[in-house]
Each structure stands twice: as C-alpha cells, then as structure tokens.
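Enquirer: Based on the provided sequences and hints, a complete structural model is requested.
Chains as they are written, first to last, in the numbering used here: chain A, 107 to 291; chain B, 107 to 291.
It is worth saying that the hints were derived from the structure and are not from the lab.
Hints should not be assumed to be uniformly reliable.
Where chains are identical, the list cannot tell them apart; a pair therefore holds if satisfied intra-copy or between any two copies.
Here are the simulated DSBU-like pairs of lysine-lysine, each with C-alpha atoms no more than 30 Å apart in a straight line [to be verified]:
1. LYS169 / LYS159
2. LYS289 / LYS169
3. LYS212 / LYS289
4. LYS134 / LYS159
5. LYS212 / LYS267
6. LYS212 / LYS269
7. LYS134 / LYS212
8. LYS169 / LYS134
9. LYS289 / LYS267
10. LYS159 / LYS267
11. LYS169 / LYS212
12. LYS134 / LYS289
13. LYS134 / LYS267
14. LYS289 / LYS269
15. LYS159 / LYS289
16. LYS269 / LYS169
There are 2 protein chains.
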Amino acid sequence: MYTEVASRRYRVLHPRPVYVIIVEAEGKVNAMAASWVSPVSEEPERIALALDKESYTRELLAKTEYFTVNVVNERHVELVWCVGTRSGRETDKISECGVRLAPAEKIPSKRLGDALGWIEARVHRVIDDIAEDVDLIIADVVAAYARSDAYNPRYGWELAKAKILLHASGRAFTTPGRLIIAKRG
Amino acid sequence: MYTEVASRRYRVLHPRPVYVIIVEAEGKVNAMAASWVSPVSEEPERIALALDKESYTRELLAKTEYFTVNVVNERHVELVWCVGTRSGRETDKISECGVRLAPAEKIPSKRLGDALGWIEARVHRVIDDIAEDVDLIIADVVAAYARSDAYNPRYGWELAKAKILLHASGRAFTTPGRLIIAKRG
Chain A
107 MYTEVASRRY RVLHPRPVYV IIVEAEGKVN AMAASWVSPV SEEPERIALA LDKESYTREL
167 LAKTEYFTVN VVNERHVELV WCVGTRSGRE TDKISECGVR LAPAEKIPSK RLGDALGWIE
227 ARVHRVIDDI AEDVDLIIAD VVAAYARSDA YNPRYGWELA KAKILLHASG RAFTTPGRLI
287 IAKRG
Chain B
107 MYTEVASRRY RVLHPRPVYV IIVEAEGKVN AMAASWVSPV SEEPERIALA LDKESYTREL
167 LAKTEYFTVN VVNERHVELV WCVGTRSGRE TDKISECGVR LAPAEKIPSK RLGDALGWIE
227 ARVHRVIDDI AEDVDLIIAD VVAAYARSDA YNPRYGWELA KAKILLHASG RAFTTPGRLI
287 IAKRG
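Expert: Here it is as structure tokens:
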C-alpha cells in the first residue's frame, strides 16, 4: 500500500505555496520563486526562508537587510516559472519575466505590483550552517498587505477569490479547491 | 485595492499543508498538528519545524531524537482539528482523537497508520533563540513513504487522488483543486 520514496523526498511535503521573493540592493532588483518559506514565530512575527548560498538573491541580500515575500495566484504561474528557472546574475529577470514592480510601503525595497498580497521583511539572523549550500534566513515581518477584495481581516484569505498558487513539482502547480470546515469539539 | 494586515500576519502565508507530528518517548506517544514546517535543504535532506517550547511534543522531543511528519488528506480534518486544539499533557490525544498508530519503518517511533505518506525524521539541531517561545527544530529526513496509489516517483503526489489537507485559518481547511501546468520557456 505504501512505497518508499527514494529521492527528492521533500516532494512529500508539497504542494506548498510558492512566493515571489524580491530583493533590491545597490540599484539592482531581482525576483526568485520560493516555496521553502514558513512562518516560525508569532511574538515577534518572524518567518524563515531557505536560500541557496550561491543564488543572486542571496548575493543581493548580503547588501541589504530588506526583501518582500509576494503571494501570487494562478494568473502568475508563467511569471513564477520564469523567475524560478533563470538566474538573475545572467539575465534581467524583471524585464525578461515581465515582473511589474512597485515600491514597498515600509521598507526600502520593491514588491510585486500585482501581487495578491505581500510581506515586507527585514533579516533578523542568518543561520549559515544547516547545510553546505543553504542559508536559512530568519526575518522579522515589518508589514503585510493583502488585496482588499480577497482577504478578510477575521479569517484571512477568501480562498475562492484568492486562488493562491501552490507548487507541486516541476511544472505542476495547483490552487486551493473546496473549503472544508472542521466541526468537531 | 490593498489593505494593511494588522495582526496574525502569518495568515498571509496560508493556506499551507498541515501535518500530524507524532513523537514517542519513554512509552508515551503524542500527536500534534503543524503547518509551520518546511524543507530547508536537499543535500543533506533536512526539514525545519517551528515548535512551541512549552508544548508536550517539545517535552517528548527532549527525550528522543525521532519523530514522524505525517501527510494527511481531507478525510483527516476532524482528527487534525482534534490533535491541534488539545494538549497531550492533559489528555491522551491518541485515544481521544482516534489516532491510529503504526510503527515507523526506520526509526524508533510511531506514525499515523492511515496517513497519505510520512517522513521519518531525526533531530539534527535545535535553534532555541529565534523567539522566546519557539524552538526551530532542524531535522534530517531518514526515510519517506507515500501511498502507492497516490504518489508518482517521477512527479510526486497525484493531486486529484491525494487530496492533501491544507490549513487556511481557524477551522477553515482546503485541499488542492485543479492542476496548472506552466508552459513558458
């Protein structure tokens, strides 16, 4: 009934939301796709982001403490694929992938202009020794924004309107389907 | 068009998969619900789990290095709500919530008997100072298993069969809807 998963075992933990991370430093802006992102604490509000040490985003993030985590929906799938499969060191992904930028509200950074929502973050700490090629970025949530027509302050995203993009594997993405309400106790 | 999110800003990063974490130590077994879990590296394969320092799971995890991360589907929503809203210190959640246990394959621990899949993990490191009340557990993936009829070794979960449970907020859960394939480049 069960098979052992022999490789890419992280896929067992997918699908998960895929975000567009935007960082700006010294006049350069880069965007990447990331789904290895998670809230980690509520007080203070912090998130963690696993980042390839060799990535261009990491290089820029050594020159600024600020970045945005942009929540996207099914309409952004080609943009996500584009920024997720190129290196910003070799191409200008902002123009090549058609990334619309807008200024962040409370940090000196850019955000995705037509995102569903975004978090403005400031690096709190970098944990550089959990794996040879990964830095785990722990960041403070400075501010967060969501599209007024798709986010309810009491309940969070209105799933049917938000259609948040989740990454399964490779080119396969999905988005939330039906709402399920827990009844018990 | 956008509203600032003033509280519980982590909700902007939901819905995300919700897992059942099972830990066994000194003859006691506990189950909890967690969605602040993420893969963090591929080489070696490691995951991160944000855990309340005061939780019973944390207490047991001080007595063993092993735990399982169980992937659940829409049929488990009441079980997830049950184990997510009680403390194992006060009640035996395994019996009260109807958690079917089975032995893990490669670690001395239990897993959810009717999970969609699970990861067997061993604590690599505890980062205890990212927030006053949270320990970030970094763990090695020892093994992973998935239901043969719902997981494709090449592509991962077959979403329509797996119906993996995602947590939105409060009692609201969801599950993946349609498959979206990126075409570009």
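Enquirer: All hints are to be evaluated individually against the structure, with a verdict given for each.
Expert: Now the hints, each set against the structure:
Taking the shortest Cα distances, LYS169 and LYS159 sit within 30 Å of each other inside one copy (14 Å), while across copies they are farther apart (33 Å). Neither within a single protomer nor between protomers do LYS289 and LYS169 lie at most 30 Å apart by alpha-carbon distance, with minima of 49 Å and 34 Å respectively. Taking CA atoms no more than 30 Å apart as the test, LYS212 paired with LYS289 passes in neither setting, with 39 Å inside one copy and 35 Å between copies. Proximity of LYS134 to LYS159 under the C-alpha cut-off of 30 Å is restricted to the intra-copy arrangement: shortest distance 18 Å within a copy versus 40 Å between copies.
Taking the shortest Cα distances, LYS212 and LYS267 sit within 30 Å of each other inside one copy (26 Å), while across copies they are farther apart (43 Å). Only within a single protomer do LYS212 and LYS269 lie at most 30 Å apart by alpha-carbon distance; the minimum there is 26 Å, versus 38 Å between protomers. In this homomeric assembly, LYS134 and LYS212 come within 30 Å of each other (Cα to Cα) only inside a single copy, at 19 Å, whereas the closest approach across copies is 47 Å. Only within a single protomer do LYS169 and LYS134 lie at most 30 Å apart by alpha-carbon distance; the minimum there is 10 Å, versus 48 Å between protomers.
For a Cα distance limit of 30 Å, the shortest separation of LYS289 from LYS267 qualifies both inside one copy, at 23 Å, and across copies, at 23 Å. Taking the shortest Cα distances, LYS159 and LYS267 never come within 30 Å of each other, neither inside one copy (36 Å) nor across copies (36 Å). Proximity of LYS169 and LYS212 under a CA criterion of 30 Å is satisfied intra-copy only: 18 Å inside one chain copy versus 43 Å between copies. Taking the closest pair of Cα atoms, LYS134 and LYS289 come within 30 Å of each other only across two copies (28 Å); inside a single copy the shortest separation is 50 Å, beyond that limit.
Neither within a single protomer nor between protomers do LYS134 and LYS267 lie at most 30 Å apart by alpha-carbon distance, with minima of 33 Å and 43 Å respectively. Proximity of LYS289 and LYS269 under a CA criterion of 30 Å is satisfied in both settings, with 24 Å inside one chain copy and 19 Å between copies. Proximity of LYS159 to LYS289 under the C-alpha cut-off of 30 Å is restricted to the inter-copy arrangement: shortest distance 28 Å between copies versus 44 Å within a copy. In the homo-oligomer, the alpha carbons of LYS269 and LYS169 never lie at most 30 Å apart, since the shortest distance is 34 Å inside one protomer and 42 Å across protomers.
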